[in-house]
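Knowing the structure of chain A, use the given hints to seat chain B on it.
Number of protein chains: 2
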Amino acid sequence: MSEENTIFIGSKGVMSYILACVTQLNKGNNDVVLKARGRAISRAVDVAEILRTRFVSDLKVKDIKISTEQIKESEGGTANVSAIEITLGK
Amino acid sequence: MSEENTIFIGSKGVMSYILACVTQLNKGNNDVVLKARGRAISRAVDVAEILRTRFVSDLKVKDIKISTEQIKESEGGTANVSAIEITLGK
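As they're listed, the protein sequences go chains A and B.
Every letter in the first sequence is one number past the one before it in the numbering used here, and letter 39, counting from 1, is 53.
Every letter in the second sequence is one number past the one before it in the numbering used here, and letter 44, counting from 1, is 58.
In case anyone wonders, no lab produced these hints; they're calculated from the structure.
Take these hints with a grain of salt, some might be off.
Copies of the same chain look alike in the list, so a pair counts if it fits in one copy or across any two.
To be verified - Computed list of lysine-lysine pairs in DSS-like fashion (alpha-carbon distance at most 27 Å, straight line):
id, residue 1, residue 2
1, K86, K104
2, K49, K26
3, K41, K74
So that you can see chain A by itself, here it is in the shape it has in the complex (with noise of 0.2 Å):
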């Protein structure tokens, strides 16, 4: 799977993301990949739901992964997100 269909979902609104989503698709893509971390996981959950019951009614949840990433903190240290990846399908 190439990294050009993957979302990176951060603090924007929910259609933006959306949006992003289609464009993939509509480039010929068959899957999209939404990635987030921290806060922003639920925004990712949203992101897959709305567009599987509104835009795109053929596209399924194929693979749902959740992680712990160690992101360096501007003081030095190192901190602990959790992260999720969702692969959404035709």
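Leaving out everything else, chain B in the frame of chain A:
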């Protein structure tokens, strides 16, 4: 699967839910199911990850489901909210 081993994740601190999970597992249940809606979804992933990496090392993510639930608003209408269900087991 009995309903007994389901932990509903709300707005309490992560450690309260981890304690609830550990209690379930110590009762002899091999599986524990975390359910959360809306913004609590991120917290459910945190609970799963902290539990798995720090407290119960042989625990694995068996299944993750996402869905859309309808909730009744106090004004009488309904609103859609995303939900997650994480099944952890030994």
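Comparing the hints with the structure gives:
1. K86 with K104: Classified as neither; 36 Å inside a copy, 31 Å across copies.
2. K49 with K26: For K49 and K26, both the intra-copy (14 Å) and inter-copy (25 Å) Cα distances are at most 27 Å.
3. K41 with K74: Only inside one copy: K41 and K74 sit 18 Å apart there, 36 Å across copies, limit 27 Å.
Hint 1 from the list above is the single one not met by this structure.
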